[in-house]
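Asks: Position chain H relative to chain B; hints supplied.
2 protein chains.
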Amino acid sequence: MLTTPDFTEITPTAEIKAARHGNRAKCLQRLVRLDLPVPLSVALPFDTVRAIATGRIPNIAALWGVFGVGALVSVRSSSQAADWGGPGTVLNIGLNDAGAARLAETHGQDAADALYLGFIKAYAVDVLRLDADMFEGPITPRLAKTYFEDELEEPFPQDPGVQLTEVLRSMARAWEGTSARLLRQAQGAPADAGLGLVVQQMALGIGQGISGSGVVQFVSTETGSPRITGRYLPQGQGRAALSEQDAHFIESDARGPALEDTSPKAVKVLRKAGALIRDRLQEEMQIEFTLMNDTLFILDAVRSPRTGRAEVAIAVALAEDGIISKAEAMRRIPPFTLNQLLHRQVDPAAARDVLTRGIAAAPGAATGRIVFSAAAAQAAAAHGEACILVRRETSPEDIRGMGAAQAILTERGGMTSHAAVIARGLGLPCVSGATRLQLDARKKTLTVPGRKIFHEGDLITVDGSSGEVLAGFARMIEPALGGAFATLMKWADEARDIGIRANADTHAEAEAAQRFGVDGIGLCRTEHMFFDPIRLTVMREMIFASEAGDRTAALNRLLPMQRNDFTALFKLMQGQPVCIRLFDPPLHEFLPADRDGIRAMAEAMDMPVSRVAARIESLQEFNPMLGMRGVRLGITLPEIYDMQARAIFEAALVAGDGVVPEIMIPLVSARREVELVKDRVDAVAAAVRNEQGKDFDYRLGVMVETPRAALRAGEIAESCAFLSFGTNDLTQMTYGLSRDDAGRFMSAYVQHGVFPEDPFQRLDTDGVGELLLLGAERGRAARADLMLSICGEHGGQPDSIAFSRAAGFNYVSCSPFRVPVAKLAAAQLAVLDAVLP
Amino acid sequence: MLTTPDFTEITPTAEIKAARHGNRAKCLQRLVRLDLPVPLSVALPFDTVRAIATGRIPNIAALWGVFGVGALVSVRSSSQAADWGGPGTVLNIGLNDAGAARLAETHGQDAADALYLGFIKAYAVDVLRLDADMFEGPITPRLAKTYFEDELEEPFPQDPGVQLTEVLRSMARAWEGTSARLLRQAQGAPADAGLGLVVQQMALGIGQGISGSGVVQFVSTETGSPRITGRYLPQGQGRAALSEQDAHFIESDARGPALEDTSPKAVKVLRKAGALIRDRLQEEMQIEFTLMNDTLFILDAVRSPRTGRAEVAIAVALAEDGIISKAEAMRRIPPFTLNQLLHRQVDPAAARDVLTRGIAAAPGAATGRIVFSAAAAQAAAAHGEACILVRRETSPEDIRGMGAAQAILTERGGMTSHAAVIARGLGLPCVSGATRLQLDARKKTLTVPGRKIFHEGDLITVDGSSGEVLAGFARMIEPALGGAFATLMKWADEARDIGIRANADTHAEAEAAQRFGVDGIGLCRTEHMFFDPIRLTVMREMIFASEAGDRTAALNRLLPMQRNDFTALFKLMQGQPVCIRLFDPPLHEFLPADRDGIRAMAEAMDMPVSRVAARIESLQEFNPMLGMRGVRLGITLPEIYDMQARAIFEAALVAGDGVVPEIMIPLVSARREVELVKDRVDAVAAAVRNEQGKDFDYRLGVMVETPRAALRAGEIAESCAFLSFGTNDLTQMTYGLSRDDAGRFMSAYVQHGVFPEDPFQRLDTDGVGELLLLGAERGRAARADLMLSICGEHGGQPDSIAFSRAAGFNYVSCSPFRVPVAKLAAAQLAVLDAVLP
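Residue numbers (this note's numbering), protein chains in the order written: chain B, 1 to 837; chain H, 1 to 837.
Treat the hints with care, as some may be off.
[Unchecked claim] To give a feel for the contact side, a few chain H residues facing chain B, derived at Cβ under 7 Å:
#1 Leu439
#2 Lys443
#3 Phe622
#4 Asn623
#5 Gly627
#6 Met628
#7 Leu711
#8 Tyr735
#9 Gly736
#10 Leu737
#11 Asp741
#12 Glu757
[Said to hold, decoys possible] One-sided and incomplete, this derived list gives chain B residues near chain H with beta-carbon spacing under 10 Å:
#13 Ala404
#14 Leu711
#15 Asp729
#16 Asp740
#17 Leu771
Note that these hints are calculated values from the structure, not bench results.
Quick caveat, the model's predicted, so the values are computed rather than measured.
Beta carbons are placed, not taken as given, at the ideal position from N, Cα and C, and that holds for glycine.
One chain only, chain B, in its complex shape (with noise of 0.2 Å):
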């Protein structure tokens, strides 16, 4: 057992290091080194505050042998990571009935009380955890050590020993607390990460000349642009000036008195530090500042807060500047970042009306009139007006209300919700389930309750990154995509060794994703192209032919829509490569499901409605997620694969020479589906050469969406050109889940650690990534030019990334606005691999 503490003097030799000392620790030494004025700091490591905590160590008291007779002192906390937290400050330690006295004499018996109470109530309420209402109001240091001995049947303590000791034990156990072990590994911390501690002599900021203190930082917080910003309070101690209304500002300024005012010389001392710091620290910190008498102290330094535009800002500036590498700064940046850069968001500072809160869907924030109905948001589009289309859920006919609309806004449903992963894939802000808005599509009125009736025309906010509904407008901050932004994804793009593909159904989202940059389109969908008013309508005819003749009919007016579609996507990606995954879902996903649409379905198609309404009730699934679509409905009903195999040979030659295009068919479970539509496609594209007296090439690939198309890729490769695993469908058949029916339990799965994550949001690595792993090596085994990837939304995930990287994959596929996140994830995984090969 130790007697004294083990510590550490943090000179320039001084052996401290962030690992056992504490991050707060190295930075001071590095503060030191510059020759800063820092005044006589002490570190204890890791080691010596765990001592601490559990009662192992008599003699701290010792420490003051460093600081000497009458010395007052501060305790800081110092983790390993500036993150992971700690706790707060206390000053002042050592002051007693005599410091006080003392102090009164040489700065006045009023700062003289103020500091004393100041630290009779920290050390009570802070310390040794008294109630703090006990000490409200204004009291005299004397009243407040009454207080103290009434409440524990002890004295304020004078011997500075006894202080320092229950000042250093309260902090060492405060770490070893529940929540601050949860949050900190919330942040990544591990299980037995330590605290390290720093005692600091006091430099006190109050006294006759000019004293203070003051916080500084360089950069603007919200954008990251040089910009001295801070505060500084004429006799005050610590952080005091951030929280106070009338400190000063730093620089002179308009606004009102400044500390440049009364001491440019301490002001310009600032400066140059922070220009040095800046240099050597490698960072943007933000620094605590002390005048006693007209002397400047520099008592610490953090990094500076940031928003993560201006953590962006940061981090290219200082690569700019030479003071770190790209590499550094592309590691600095963590990936989700840049989704605030990405969309308008609410302005952190503006008032905020929250009217309720769902699930933030998507990211971004929007201001519109309140619509009810996909038509509503089309037509107030058409008259150029924001609106907010607001559904029960949604459903694949209100896609285009969807992109019509400003934002959306649902009842029901989750992250994976119809409305969520439109919402995504075309940029738009999203809240779903929002289960208490009670909404009454039919009187058209909306209601939160203990809220004004909201109807159709009102305006709202809807806050898709904070999952907040506000009421009328909020002000908001724009997003940034040039710049710092612009620079960082050309880096990411030269770093990166992994491509990056976007999913993109639509024009708008393949623009999107073009807008962005990426290595083409690595799933279109096909079937939301069917949902225009007239090819739904061309579509039912299709469903309800009874011949294969009449379904070739109407296969065939569809053709030349497919063409434009396609041509145009082929177009506007330049010979990028895209992959088009044919027709996937069940048929009765075109049909109406009540009766006013079943009626004027019978009307359209001039039928009795109880055909039409058998037909669909024929239609129905127990499991549609399991029943009769993609490849099954691709080898049943055969002709519509081969009207979509011709739309796509035609489009191809439309747009010119060099387009080769990726066919994917969906949902295969067996060899034989491959070679069944493989031989088709082939005949389709034989036919299409034959006609136009043109030659072109294209690749068929499989969808790997099914276990067992997983475990038997190596048979399955033998006919195709790629595998694409959709990591959404694999995850539902690989735990038996659906993810429309799992949104009812899984918050409460995820909280209980049924499972460690919701494996639709973060890929679950060791089951589906098994069947992903079987199926990559497999399929690369049978054909060694397999080309491999993941489509599924998992694709824009940081470590869906690194295990496809590792996995050799060839691509990840994401929605447009996940290409920004990729990309930085896949540069910083290369990075991190030429840095630790």
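Replies: Just chain H now, with coordinates in the frame of chain B:
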């Protein structure tokens, strides 16, 4: 190139092999070795016949050298296995004008004309493929020859060499035809199966002395019991006796003339020959014989035709007489043959008035009066009236009505529909998917296009073995579960080395399982226990309870009922293992789906209809198969499993010492699910032990139904004692295919070879099988004593049993009426392994 065919005279020492000359040639050699009077015979091996088919042997006529000038011969096919088929026999080859004239001298003009005309017709129609119509009516040989020449522009060949050449070529080529090939491949013949031919000197069967031909066998075709049957036709040839109305019996017979009346010596010889053949050929053979001027010739012997029941009786009798081993007796019986013995069958000889055909969904046949509702079925049963339950499709509420009916007939659904699955479990005949039926449940009529309208109370017969629905009564053959069947089952139990358990949800099913002698219950689904009307009401109260306390109150009312269920089951099974699956289905299965049902429920629960409807709607799922069921329900509403665990433990204590219940958790996809349920079940066990002051053991296991559970079997096995693979759901999820929805395309899929077999009928060893092997291997690696089994419907399939046995599984579990098949299949595998170590 050979110039003359390679052939071998069939003598006792000749080298005749079934694999080279075919089964008939080998059988004839055996008869020759037994010194039986077989006419001179020659065997042509496969190679020779193949050469003949391709025209590579010019001088076939050289064969006449063996038989001599003026002889007549027959040619019979001799494939390697008797059931691979072959072209029909041709008689009297060599007959020409000169021979016919000679015959007229010795046997009279009529006999000679009849023989010659018969040969000309057979040669023209069967060999040269002329139209049979041409030779209809009473014509002379001369006229027949004229027709022949008119058609072929060449005369009827007088050269016996030409005749024989054409006969052999024709038979050799017929073997290579597509339909013959498909037929024999369906019987398991390899693609290159060869045909041998036997050329045999004719024994004419006509003459002045006692002459004629006949066929005799020594067991009953229907029962297999010893009984001389067959027919004899005086002055006849070949097998004509079997089809002639006025043929004689063999033994003296009250019904008419018999061979024994005129030639007792011949019958004595036949009896002796029959006994000798049975003993030496180790089989019951049907003998073809000819009497020529009082002399008996034995021309051929084939395996006696037989029903499944006779098959069993014959094999068991041969073994009991020491002629073959028990192992050989078991090996000879195709396991599915036993299905014919287990159920009442429509007598194959009875008249059948077929109304329509559906899917043969559950074997057996029954006659009864039509009822259209489960309630009517129960009412009929209460009056002791046999009834047939006719429904569009059945649902869980119909179970009691189904149990009260003699058979089930449904308009919709396939082999795996609710009706089919339950009927097989109950051992009831079922025809499902009889889509031509027009059912009007309200008017209580059943219409078959083109037939009279059937009403409730009308008599029909359901033949679940053939899929036919018959009008009125049909004569039945009763099941045969004693005697030879019982002996066979005893031998199978002695031989087999893998456990056979039964899936049994009800007491009736468990009793059926007990009758067949099982090793335990492998799957007791508990949800069917809640469809009794009283329980259903309590169940619905439980579902509607909004608080855990209310839920527990409802469950407490179900507890004693469940305890009684389990007590009865444990007592019935007398200490054999019983594996109880915890509650699995989605809750909405217990709620009414139509308006009337909802109204009735609202009344019963004293609630507004709107609330009942809203709750039902809130429980609807997009894909119920992949939704809130199984362990997900068990974790979300843990009171249900608590109640079931308590009922199981209390029942085990009531049922007596030594009962070790097995508790199985359904639909697991992650280890933590198992740990959570295990914690609660262990806690219930501890509570029951404490309350009752008695100790007991139990085993907790997991039903592996999701691909992920199979992949993660290693970690799952750490918390459980057994894994039982639910291959139904595992197949659904591995293929991404709902069996309820697959019916619409499965038969087309199998017909077109997309899937080689319906994976719900036959275990997909490639895909699903790999998951089984992975799961088994990983589970056993984690826990060497882990008990492994299959409990899906595949469990009773011989190839699933082979798979399970090879993988080292402890048992398979199948529906009770599959147990005999499973036992025999398992015994065959063990016997095969003993022979081929």
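Asks: Now look at each hint and say whether the structure bears it out.
Replies: Right, here's what the structure says about each hint:
For H:Leu439, the shortest C-beta to C-beta distance to chain B is roughly 15 Å, which exceeds 7 Å, and the interface hint is violated. Interface restraint check for H:Lys443: the shortest CB-CB distance to chain B comes to about 17 Å, outside 7 Å, so the restraint is violated. A hinted interface residue such as H:Phe622 counts as satisfied when its beta carbon comes closer than 7 Å to some beta carbon of chain B; here the least separation is about 4 Å, so the hint holds. For H:Asn623, the interface hint holds, the least distance from its beta-carbon to any beta-carbon of chain B being 4 Å, beneath 7 Å.
Satisfaction of the interface hint for H:Gly627 is found here, the shortest Cβ-Cβ separation to chain B being roughly 4 Å, below the 7 Å cut-off. Checking H:Met628 against chain B by beta carbon gives a least distance of about 6 Å; that is within 7 Å, so the hint holds. Nearest Cβ of chain B to the Cβ of H:Leu711: about 5 Å, under the 7 Å cut. The hint holds. The interface hint given for H:Tyr735 is met, as the beta carbon of that residue sits about 5 Å from the closest beta carbon of chain B, less than 7 Å.
Because the beta carbon of H:Gly736 sits about 4 Å from the nearest beta carbon in chain B, less than 7 Å, this interface hint is met. With 7 Å as the threshold, the beta carbon of H:Leu737 comes within range of chain B, its nearest partner Cβ sitting at about 5 Å, so the hint holds. The beta carbon of H:Asp741 comes within 4 Å of a beta carbon in chain B, closer than 7 Å, and the hint placing it at the interface holds. With 7 Å as the threshold, the beta carbon of H:Glu757 stays out of range of chain B, its nearest partner Cβ sitting at about 11 Å, so the hint is violated.
For B:Ala404, the interface hint is violated, since its Cβ never comes within 10 Å of a Cβ in chain H; the closest pair sits about 27 Å apart. The interface hint given for B:Leu711 holds, since its Cβ lies 5 Å from the closest Cβ of chain H, which is under the 10 Å cut-off. With a least beta-carbon distance of about 7 Å to chain H, the hint placing B:Asp729 at the interface is held under the 10 Å criterion. At about 4 Å, the closest approach between the beta carbon of B:Asp740 and any beta carbon in chain H falls short of 10 Å, and the interface hint on this residue holds.
This hint holds: B:Leu771 has a C-beta 7 Å from the nearest C-beta of chain H, less than the 10 Å allowed.
Hints 1, 2, 12, 13 from the list above are not met by this structure, while the remaining hints are.
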